[in-house]
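Sequences and hints are given; from them, build the entire structure.
Residue numbers (numbering that gives the first Met the number 0), protein chains in the order written: chain A, 0 to 371; chain B, 0 to 371.
Don't read these hints as lab results, they were simulated from the structure. Because the structure is a prediction, the values reported are computed rather than measured. If a hint is listed, it holds; no wrong ones were tucked in.
Note: identical chains are not told apart, hence a pair may lie in one copy or across any two.
As a list, the in silico DSBU-like pairs of lysine-lysine whose alpha-carbon atoms are at most 30 Å apart:
#1 Lys311 with Lys187
#2 Lys332 with Lys162
#3 Lys39 with Lys187
#4 Lys162 with Lys44
#5 Lys162 with Lys328
#6 Lys101 with Lys328
#7 Lys210 with Lys44
#8 Lys101 with Lys334
As a plain string of letters, each chain reads:
There are 2 protein chains.
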Amino acid sequence: MSFRPAATVGMSLAEVDTPCLLLDLDAFERNLQRLPDSLKGLPIKLRPHAKSHKCPEIARRQLAAGAVGVCCQKVSEAEAMVDGGIGDVLIANEVVGAAKLKRLCELARRASIKVCVDDAGNVRDLDAAAHAAGVTLDLLIEVDVGAHRCGVAPGAPAVVLAKQITASANLRFAGLQAYQGTAQHVRKVAERRDAIAQAVADVRHTQQLLKDAGIDCDYVTGAGTGSYLFEATSSVYRELQAGSYIFMDADYARNEWTESGIPAFEHSLFVWTTVMSATMEGRAVVDAGLKASSVDSGMPRVADYADVEFVKASDEHGVLQYRSSTRFKVGDKLKLIPGHCDPTVNLYDWFVCVRNGRVEALWPITARGALL
Amino acid sequence: MSFRPAATVGMSLAEVDTPCLLLDLDAFERNLQRLPDSLKGLPIKLRPHAKSHKCPEIARRQLAAGAVGVCCQKVSEAEAMVDGGIGDVLIANEVVGAAKLKRLCELARRASIKVCVDDAGNVRDLDAAAHAAGVTLDLLIEVDVGAHRCGVAPGAPAVVLAKQITASANLRFAGLQAYQGTAQHVRKVAERRDAIAQAVADVRHTQQLLKDAGIDCDYVTGAGTGSYLFEATSSVYRELQAGSYIFMDADYARNEWTESGIPAFEHSLFVWTTVMSATMEGRAVVDAGLKASSVDSGMPRVADYADVEFVKASDEHGVLQYRSSTRFKVGDKLKLIPGHCDPTVNLYDWFVCVRNGRVEALWPITARGALL
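This is the structure:
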């Protein structure tokens with residue numbers, strides 16, 4: 000059930016089979032360093048989200064660049080990270096259901112694990128599962144700071160849940176999860192900044208009510224690539240969860256960045272594709288479609304050819320349209336910039352890591368398909 | 000790199016972990032039989048497209064129900080089918096590049112393989128690869144019968160290519176690939192019927208020119224679930240490539256079907272999901288997002304609850320909105336009908352096969368991720 004990678008180490012890029020996922024190591028390594036560099040002197044730590052890469056090889060490099068651990072969204076994703084040598088994982092998400100709680104407790108025996116909650120029944124289930132497993136679990140309360148997805152409302156509801164956690168024999172209240180997800184892809188810098196200012200106000204209000212109730216709450220975590228410097232300078236957040244900065248996809252690139260203070264991350268992730276048909280005037284067809292690049296946030300962009308547009312994807316085909324004189328022939332290979340990096344990475348088993356036109360390494364995406 | 004399935008055989012559906020891909024065996028088996036039943040008495044054979052299921056267990060059942068073989072889109076997908084015991088595979092797609100041609104020739108040694116072409120250079124490459132491998136390859140010329148994706152224009156260009164093939168020492172001209180892909184999801188029956196009538200006219204014209212050039216061309220293949228009965232009754236097509244009929248996704252269900260003569264296929268494929276958060280008025284959040292159900296053809300539908308709408312997907316979250324009195328609580332499990340079955344199946348390693356509320360089997364999706 001595992002496929003041969005599209006390349007072998009040492010191969011020239013031209014020989015690499017398609018479609019596959021290319022990682023430009025020079026650009027990746029610059030991105031890897033740029034984010035921690037931008038945080039120098041600030042009282043904030045980095046815990047990058049591993050849902051973007053699902054690859055312990057990358058997680059280890061993030062730790063080497065100063066990260067304190069990683070975030071995951073799923074227990075099975077966290078298992079893959081721990082199996083890959085990562086000892087500190089925040090599951091930045093709610094975990095529900097007996098099977099998953101059992102796996103979560105098993106994982107908490109062999110790594111530092113934190114998990115989010117927003118529901119009293121789920122807190123009871125976590126306490127019971129921790130009791131059965133003989134472990135104590137660290138819980139973050141997720142607060143809805145504007146994304147309107149998961150999380151209790153800021154303020155009093157968080158205090159109710161914190162009291163329940165502190166009264167539970169097998170649970171520890173570890174702080175607040177306050178991720179403003181919808182702000183990340185808002186195009187204008189000022190609007191992203193305002194959204195995070197509101198999130199910060201929501202967190203402060205909640206912290207004050209917790210303090211009034213005698214509950215200490217210093218640890219606050221959140222932020223994504225689109226906004227992280229605003230959280231970092233808030234003096235409220237303790238850790239950042241940015242993930243996409245290492246890859247920089249086409250949708251994030253449509254954000255405005257100047258005057259955000261956030262450094263210019265480079266595209267490092269590409270889908271390598273071959274022209275498989277060129278029978279129509281003005282168009283060519285490549286071998287990368289819906290199963291090679293997720294189109295949830297728009298079509299991929301064609302790298303290096305500003306005058307060629309990727310206009311349509313079907314299961315295994317992508318249609319390119321020429322805007323000027325560029326013409327491809329069957330067999331030509333080119334790079335696509337995925338619309339959305341996370342679900343695109345999840346389609347592949349390997350990163351084909353390239354430097355100076357050669358394959359330098361193959362990194363397995365061991366949490367690919369880790370849905371549970 | 001392979002994950003534990005979400006279930007074990009014998010488990011009750013309520014115990015099955017989420018998100019996972021459920022196959023309702025009763026509905027699946029009815030669909031499996033309904034399509035061949037609808038062809039009785041017609042001079043047509045069925046070669047279902049395996050890109051929909053990527054699972055030899057399903058391919059074997061299609062053969063048992065009368066299919067003559069399967070279609071694939073990729074060499075690696077065809078390898079997975081041959082490895083799974085399927086001896087006759089049509090790669091209903093162009094195959095480009097030295098690495099793939101080598102694998103194609105290797106595969107042609109151990110199974111009956113046909114492949115499509117629409118480019119003279121590719122035909123030369125195929126002839127050279129076949130020569131190097133000491134095999135003879137069967138080639139179909141893909142004709143663009145209206146989908147405007149791959150394929151040469153009907154008529155003279157196909158004759159030019161057919162002459163090149165018949166003049167190549169290591170190639171056989173095996174017929175025409177004439178798939179009208181864009182017609183499949185046209186909603187109105189009359190418009191689908193008209194599109195296929197045009198495709199049939201294009202094929203007849205091409206066959207006549209081939210005959211005039213002394214080239215026999217009896218074998219014509221194409222059709223999808225949306226139109227197959229029109230091709231089947233055309234007296235031009237010899238084989239049908241329908242694939243989605245076994246699953247019937249939400250997008251296909253939006254087609255009009257009455258008066259098409261095509262039987263009513265049932266939804267048999269579902270994403271099983273858990274409510275993971277329910278803090279907001281009028282909404283709930285489930286644990287199935289973009290990595291659990293492809294949204295390229297629209298959001299999934301909520302099965303069994305006509306008054307609940309799946310309104311938004313992020314990587315690992317789906318937001319449900321209530322339209323009337325239904326309310327879910329954290330831990331409730333429900334079924335989603337994927338918007339598009341093919342790229343959704345490609346996200347999973349297992350079909351969890353269910354009958355009468357019990358897990359009857361786990362079928363591995365061995366061609367999941369077979370992109371090369």
